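Participant: Protein chains in written order, with this note's numbering: chain P, 1 to 500; chain A, 1001 to 1152.
Quick caveat, the hints were computed from the structure, so don't treat them as lab data.
Only a predicted model underlies this, so the values are computations on that prediction, with no experimental measurement involved.
Take these hints with a grain of salt, some might be off.
In the DSS-like style, the derived pairs of lysine-lysine whose C-alpha atoms are separated by at most 27 angstroms in a straight line are [said to hold, decoys possible]:
1. Lys385(P) to Lys1112(A)
2. Lys1121(A) to Lys226(P)
3. Lys226(P) to Lys1120(A)
4. Lys427(P) to Lys1057(A)
5. Lys1057(A) to Lys226(P)
6. Lys1057(A) to Lys382(P)
7. Lys1121(A) to Lys428(P)
8. Lys287(P) to Lys5(P)
9. Lys247(P) to Lys284(P)
10. Lys1121(A) to Lys385(P)
11. Lys103(P) to Lys5(P)
Some, not all, of what chain A presents toward chain P, calculated at C-beta under 8 angstroms [said to hold, decoys possible]:
12. Thr1019
13. Cys1020
14. Phe1038
15. Phe1055
16. Ser1058
17. Gly1060
18. Trp1077
19. Gly1098
20. Leu1110
21. Leu1111
22. Gln1117
Using N, Cα and C, we set each Cβ at its ideal position, and we do this for glycine too.
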Amino acid sequence: MDIVKEVIFGFTVALTPTNLLYCFFGVLIGTLIGVLPGVGPAAALSLLLPVTFYVPPVSTIILLAGITYGAMYGGSTTSILVNIPGEAASVVTCLDGYQMARKGRAGPALGISAFGSFIAGTITIFMLILLAPTLASMALKFGPPEYFSLMVLGLSIMVYLAKGSIINALIMVCFGLVLGTIGLDQMTGMPRFTYGINTLMDGVGLVQVVIGLFGVSEVLINVERKFKQEVFETRVKGLFPNREDWKKSIGPIGRGSLIGFFLGVVPGMSVVIPTFVSYIIEKKLSKYPEKFGTGVIEGVAGPEAANNAASTGTLVPMLSLGIPTGASTALLLGALMIHGIRPGPLLIQEAPDVFWGLIASLYVGNAMLLVLNLPLIGLWVKILKVPYHFLFSIILLLCIVGSYITNNNPYDVVIMAIFGLVGYLMKKMNYEAAPLVLSLVLGPMMETALRRSLVLSDGGFDVFFKRPISATFLIVALLILLSPLFLKKKVLKEELKSSE
Amino acid sequence: MNNISLYGNIFWILFSLLTCIESYRAGFGTITKPDSGFFPFCAGIVMLGLGLTAFIKSLGEKGKRRGGDGEGEPIRWWNIPVIIIAIILFALTIEKSGFLINTFLFVAILLKVVEPQSWKKSIIGGLATSIAAEVIFNVIFRAQIPSGILGF
């Protein structure tokens, strides 16, 4: 009954006119970002982060969370209509969504993706309500060694799932950890790697790094070659799926919700992997797997439910343990920390309005998206027709403004430009940015946990193996990293190739 | 793998060596009392090992080239330095010349150079974007981006 009271309290917070307005703006901007190819939710969050300095913490988190799950809705629109995923989590939707559009079934594809996302959102919010407080109370027993080992596990999973080679992903993790140490040492106050540059005293800003790696580098990659902008000319009609469509989709939506949520909870898994897993499972379960890729509705319903569910799932470790699972949750965490709120086991007790207000806003936001998105599809299609040379200038301008207004420091923009170039080169050499960003965020926390653990120890690293929870996390991390040596090829990656 | 990977791995080896040297200078401490350089030193050592492994691997695979999306299309590499330099110049001059002027020049130049448009389109695009950006950021959001020589 306590949970019911807390949820009602959450709705009283989320339904205030101010928070409703922020939720509305969040989901609207998120959808727009999802629609626009080249700007992902991480870049959008970093662009808007400075704006939230003047906004109360509850409204901030409602606005920013709205962007993350709004982008999941928006991303599907471009996947279905243009065959260009607005963001990475919608890549799988292209496979069958675009084919449905070509067959004149763009309406049901867009409809089932919106309804599927809404149903998944609804199911997973209840799971979040049940799981986050339980995990938070368990995490109260965690000490520095457990936290350190958990973060090692999260990074290991992200490395394992990285697209390129595991060595490249591990290099990115180390690079992020080193970048995270730039600035004043949190424990001794000693400057490190600053070379007398004042801008570096506070460290390399997460906002500048993320905007550079995701926003600027994406534009650089796109302008390198002539941009092909093709919007499939089709009349989007009949957005409501018929009885047959529902019959085929309800199973994939249910499975996609569960897969998305539980994989989203795992640090390092991000929102992208669950969509692929959902697609593969639907293909395996289907009576006609050979038709996948030719425009079957199950290929849209499952992954779309999974990406929305995963974006809710990623909030579980962020809220209950204070550990981000990817770039977007790292930015949400950063936003709360800027407001003096420390996500973690004590969040529910110390800032119940933030925790329960956010959960209620997820539901309100999902409902808003359903009402908003279906009638606005025509508008999103028109936006897709804006010439790319105008779009990229505006995206770059937003990147500059977003970097600058964090500290009103022009050198922050220079740092962003440098990371834009770094991100471009990383893409050229098949290095992934996500492990770098996650380790940059986790780095300072890991360092503190490591040093505290070693101070607590009797003089050795065995402190991490003497404690059962910590030892379990480390052993699992080690098994994950060593598994490619025993398994010749990653099963998931092979499946993905065959799907494509 | 190709030469790019080889140079990339050499970069990581040099970067990790620099990290180790600088971390050692910052103070390593002891296992029970780790100092400021302890954590980055450990990260640097791991990165050095990984960089060396990748370097040796790329030596063995030198010469093999991968096909990529859009291979065969001409790469407009000049767009990359143009954009990076334009962003840096925007940043370094914003406090003197101001947001409005810089935005106009930035957008107009990008429209003219990166994806060449007519002068008329570039100037109108730059003008419209700069006015809209000024209204959105400085008037609505009160972001206090410098107004520079124009004073508003």
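Participant: All hints, please: hold or fail.
Facilitator: Hint by hint, here is what the structure shows:
no. : hint                    : verdict
1   : Lys385(P) to Lys1112(A) : 20 angstroms, holds
2   : Lys1121(A) to Lys226(P) : 19 angstroms, holds
3   : Lys226(P) to Lys1120(A) : 22 angstroms, holds
4   : Lys427(P) to Lys1057(A) : 20 angstroms, holds
5   : Lys1057(A) to Lys226(P) : 34 angstroms, violated
6   : Lys1057(A) to Lys382(P) : 48 angstroms, violated
7   : Lys1121(A) to Lys428(P) : 32 angstroms, violated
8   : Lys287(P) to Lys5(P)    : 45 angstroms, violated
9   : Lys247(P) to Lys284(P)  : 18 angstroms, holds
10  : Lys1121(A) to Lys385(P) : 17 angstroms, holds
11  : Lys103(P) to Lys5(P)    : 49 angstroms, violated
12  : Thr1019                 : 5 angstroms, holds
13  : Cys1020                 : 10 angstroms, violated
14  : Phe1038                 : 7 angstroms, holds
15  : Phe1055                 : 10 angstroms, violated
16  : Ser1058                 : 10 angstroms, violated
17  : Gly1060                 : 13 angstroms, violated
18  : Trp1077                 : 7 angstroms, holds
19  : Gly1098                 : 12 angstroms, violated
20  : Leu1110                 : 5 angstroms, holds
21  : Leu1111                 : 6 angstroms, holds
22  : Gln1117                 : 6 angstroms, holds
Of the numbered hints listed earlier, those contradicted by the structure are 5, 6, 7, 8, 11, 13, 15, 16, 17, 19.
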